[in-house]
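Peer 1: Here's the letter readout for the chains.
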Amino acid sequence: MIPIDNFLVLSAILFSLGMYGVLVRRNAVLILMSVELMLQAVAINFVAFAVYLNPETFTGLIFGIFVIVIAAAEVGLALAIILRLFRNRQISNVDEADLMKW
Amino acid sequence: MTYEEAIFYVIAAVTVAGGLGVVIARNVIHSALFLIMALLGVAAVYVLLASEFLAIVQVLVYGGAVTILILFAMMLTRVRDTAGPMDGPQRPIAALAATIFLGTTVLAVTQTEWRGNTEEATVISIYEIGEVLFTTWAMPFEIASLVLMVSLIGAIVLARGEEGE
Amino acid sequence: MDQAWLIPAIPAAAFAILLIFGPYLPRKGDWLAIAAIGASFILVFPVLADLLDQADGTTYVAGEKAWEWISFDLAGVGEKFEIEIGFYVDPITIVMLAVVTLVALMVQVYSIAYMKGDSRYGWYFTVMSLFAASMLLLVLSNNLLLLYAGWEAVGFCSFLLIGFWWEKRSAAEAAKKAFITTRIGDVGLLIGIIMLWLEGPNTFNIQEIITFAEEGGYDNTYLTGAVLLMFMGALGKSGQFPLHVWLPDAMEGPTPVSALIHAATMVVAGVYLVARMLPLFEVADPIALDVVLVVGLTTVMISATMGLAATDIKRVIAYSTLNSLGLMFVALGSSAVAAAMLYLFVHGFFKALLFLGAGSVIHATKEQDMNRLGGLAAKMPITAAVFAIGTLAMIGIIPLSGFWAKDEVLVFAKEEQNIIVYLVLLSSLVITGLYMTRLFVRTFLFAPREQAAYDHAHEGGLLITVPLLILGLLATVGGFVVFDEVGEALGFPGGFAQFVFLNEAHEFEFHLDTAITSSVLAGGGAVAGWILWQNKAELAARIRDRFAPVSTLLSNRYYIDEIYQFVIDRIVLGLGSIIAWFDRVVVNDGGVDGSAKLGYFTGFEAKFLQTGRLPNYALAIVVGILVLSIAMLVTQV
Numbered sequence: 001m002i003p004i005d006n007f008l009v010l011s012a013i014l015f016s017l018g019m020y021g022v023l024v025r026r027n028a029v030l031i032l033m034s035v036e037l038m039l040q041a042v043a044i045n046f047v048a049f050a051v052y053l054n055p056e057t058f059t060g061l062i063f064g065i066f067v068i069v070i071a072a073a074e075v076g077l078a079l080a081i082i083l084r085l086f087r088n089r090q091i092s093n094v095d096e097a098d099l100m101k102w
Numbered sequence: 001m002t003y004e005e006a007i008f009y010v011i012a013a014v015t016v017a018g019g020l021g022v023v024i025a026r027n028v029i030h031s032a033l034f035l036i037m038a039l040l041g042v043a044a045v046y047v048l049l050a051s052e053f054l055a056i057v058q059v060l061v062y063g064g065a066v067t068i069l070i071l072f073a074m075m076l077t078r079v080r081d082t083a084g085p086m087d088g089p090q091r092p093i094a095a096l097a098a099t100i101f102l103g104t105t106v107l108a109v110t111q112t113e114w115r116g117n118t119e120e121a122t123v124i125s126i127y128e129i130g131e132v133l134f135t136t137w138a139m140p141f142e143i144a145s146l147v148l149m150v151s152l153i154g155a156i157v158l159a160r161g162e163e164g165e
Numbered sequence: 001m002d003q004a005w006l007i008p009a010i011p012a013a014a015f016a017i018l019l020i021f022g023p024y025l026p027r028k029g030d031w032l033a034i035a036a037i038g039a040s041f042i043l044v045f046p047v048l049a050d051l052l053d054q055a056d057g058t059t060y061v062a063g064e065k066a067w068e069w070i071s072f073d074l075a076g077v078g079e080k081f082e083i084e085i086g087f088y089v090d091p092i093t094i095v096m097l098a099v100v101t102l103v104a105l106m107v108q109v110y111s112i113a114y115m116k117g118d119s120r121y122g123w124y125f126t127v128m129s130l131f132a133a134s135m136l137l138l139v140l141s142n143n144l145l146l147l148y149a150g151w152e153a154v155g156f157c158s159f160l161l162i163g164f165w166w167e168k169r170s171a172a173e174a175a176k177k178a179f180i181t182t183r184i185g186d187v188g189l190l191i192g193i194i195m196l197w198l199e200g201p202n203t204f205n206i207q208e209i210i211t212f213a214e215e216g217g218y219d220n221t222y223l224t225g226a227v228l229l230m231f232m233g234a235l236g237k238s239g240q241f242p243l244h245v246w247l248p249d250a251m252e253g254p255t256p257v258s259a260l261i262h263a264a265t266m267v268v269a270g271v272y273l274v275a276r277m278l279p280l281f282e283v284a285d286p287i288a289l290d291v292v293l294v295v296g297l298t299t300v301m302i303s304a305t306m307g308l309a310a311t312d313i314k315r316v317i318a319y320s321t322l323n324s325l326g327l328m329f330v331a332l333g334s335s336a337v338a339a340a341m342l343y344l345f346v347h348g349f350f351k352a353l354l355f356l357g358a359g360s361v362i363h364a365t366k367e368q369d370m371n372r373l374g375g376l377a378a379k380m381p382i383t384a385a386v387f388a389i390g391t392l393a394m395i396g397i398i399p400l401s402g403f404w405a406k407d408e409v410l411v412f413a414k415e416e417q418n419i420i421v422y423l424v425l426l427s428s429l430v431i432t433g434l435y436m437t438r439l440f441v442r443t444f445l446f447a448p449r450e451q452a453a454y455d456h457a458h459e460g461g462l463l464i465t466v467p468l469l470i471l472g473l474l475a476t477v478g479g480f481v482v483f484d485e486v487g488e489a490l491g492f493p494g495g496f497a498q499f500v501f502l503n504e505a506h507e508f509e510f511h512l513d514t515a516i517t518s519s520v521l522a523g524g525g526a527v528a529g530w531i532l533w534q535n536k537a538e539l540a541a542r543i544r545d546r547f548a549p550v551s552t553l554l555s556n557r558y559y560i561d562e563i564y565q566f567v568i569d570r571i572v573l574g575l576g577s578i579i580a581w582f583d584r585v586v587v588n589d590g591g592v593d594g595s596a597k598l599g600y601f602t603g604f605e606a607k608f609l610q611t612g613r614l615p616n617y618a619l620a621i622v623v624g625i626l627v628l629s630i631a632m633l634v635t636q637v
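Chains as they are written, first to last, in this note's numbering: chain P, 1 to 102; chain F, 1 to 165; chain W, 1 to 637.
Take every hint as true, because none was put in to throw you off.
Away from chain F, derived, C-beta distances all over 10 Å, residues of chain P:
(1) Ala97
(2) Asp98
(3) Leu99
(4) Met100
(5) Lys101
Restricting the straight-line Cα-Cα distance to at most 30 Å, the calculated cross-link-like pairs of lysine-lysine (DSS-like) are:
(6) P/Lys101 <-> W/Lys607
(7) W/Lys28 <-> W/Lys168
(8) W/Lys366 <-> W/Lys168
(9) W/Lys366 <-> W/Lys116
(10) W/Lys116 <-> W/Lys379
(11) W/Lys597 <-> P/Lys101
Since the hints were derived computationally from the structure, they do not count as laboratory data.
We treat Cβ as the ideally placed atom computed from N, Cα and C, and that holds for glycine.
Chain P on its own, in the form it takes in the complex (with noise of 0.2 Å):
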């Protein structure tokens, strides 16, 4: 009985909030739970067009699954980098590490 904008809708306000934390945000960190964010909104995303708009093969849905999964391997890997960074140049924000410049 939800019209399916509602989802969009909450979709499109969680990604731009995780944008927004991306862009501003200096910690590596949190830099990555914003991301989670604009995942999540993401998977709303696919998982309300598949429910909505076609249930016969609902494979938004499927997407939505993986990329929960994507997902998980990508904060393990992430973190294990911000981890690395930490330890050789006592440095967790992004900012700092500018070495790949001119």
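Model the placement of chains F and W on the given structure of chain P, informed by the hints.
Peer 2: Same frame as chain P, now just chains F and W:
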């Protein structure tokens, strides 16, 4: 407004509040807790989308494992000791960009004529999900498991460091 | 006759061998160069015999043989573009071949003695071989492109030989001057050739082009332009006014080289070209032949008068060459090919004789200013005798060879042209008599002016005197070929004109009035010269003082060099500096350096975009997405 809609708005409010908390909280631990709140809210949204299976997975993977992982990372990198402001100098432009993005997206969503049933979610049973996951999507499923394993190994190798370190 | 290609090929092969192995050969390989040119000279006779055998009494069967050189399909036209290496033999070719090979042979034999001990002795003979080969290729070629190749090779060799003693600054300058001046004409020649090809029968073959033109294939104005451009090439090569300036300076080369350039190769190439292409001049507007005539007359007059003022013996002879070449062009301008070729033929002998004689003097005295010579006849009797023959031949005293040739030209000028031309030619004869006599008198007779040079003088060895004597003999009797009886006795169908044209020719006529007029004038000039310059030349000095401005004008060569220098300094270099500025500032600074600097500066400035900070990159991505999404919204809605 139906009661379902009312429930949706409550849950949506909680989720958005969680998301907002993540990106504006001054304290990193608070951010992490807000993230849990947002993630659980998303799990509830999945319920409203008639996808109980996804909701359960969300709670298990995100509410549990990912959050714990993030908290561990915070602990290990001693984020609270980090000097300097939490946010970078891009805040005004980031806010503007996020607002514009939200505006265009909402505009796009409301302007689009969606084809199909836009009023009611169709219930998809766990049985059906399981069936297609292991038939039609068997190949991506296996590849996803491989990706998981590779990232696991990679994470271990990265985090462990070199010999004698 | 099919073997005619061997005539240039043998010296060319000698050149190749000398170039590579020359330094390792005994005597630096001079014998090889001489053997090669000697072989070419001997080969001329079988070719000539073939030509005479195949003649049927009224026309020649011109020998022609060709190999394919370049051949490809012309894009878009559907025609084949073909260039041949082809050889063409007719009487004109034979005359040229005979002169070139014989004079080159004499000069090279002479050079053994003259160049002895020079540090580049071997190189000298190497280039001489190439010089002869190029000239022979030029005269034998059946198509214009091959002719042009030989033409340029001749120019290149003359550059090498005039600048043979390039350590001397004046020699290097003279070589450059000769090369650049002739190049100016060569550009015209090349354009003319291309013009003939463009509108012509898609071939460079000379005979086919002539046939095509005679059938009216070319537009008349167009053809006139083309032949005048080709005549520019002849102007430059033959040192005709106004491109004559290089020829006197070319005296900086070794004297045998001057002999070769003036008598056999190089300068007569222009005469040959015009003679060969004369049918085109005749088909074209009459103005083309008039131009040839006027240029020839102008050259005759200015060179003869300049010869009066020069004191360097080689320069005087150089001016006499200009004088002779002018006469040849006058003959060509009157369509008298036979007369021009006859003059060319005998001129080759007496001019080589004069130069080699002068070389003998220079070799003996190390002096070439006639003001410091004199009285040499006592010490160098053979040289003086043959030099006298050469001088008289040049003046045109009966019965020496120059007389008959000059007489032919005069007859034509009198009959074909208006009286002014004839009068100008007659007056030039007087002047020729004057300055040639002056040259001889000042060099060989009366008291020596410089005792050291006189004491040093001695007759050269056999290698010097034998070529002089042979050339002296030829210069004496060479003119008799005009008579039918002489020609028939030698196995030709008749006299020289008969040989060149067979039955189309006019008979050689001995015009008693012309002969007497010219002899009186030339002889009078000679006697006057004797009177003026005898003993201490007091009379001449008095006249010179009396007409000082004229004398100054003459010894400064009409200031033509100065005018050219002015034009080059002010106009050419001025234009050049504008172009140089354009090149330096616009092309180089703006285009080449500018684009590089643009890349450098943008790179230098733009690198700061790469901050290395993650949030900046993220922002860039977001901005990109926003721009795209807004663009999409705008276009979709």
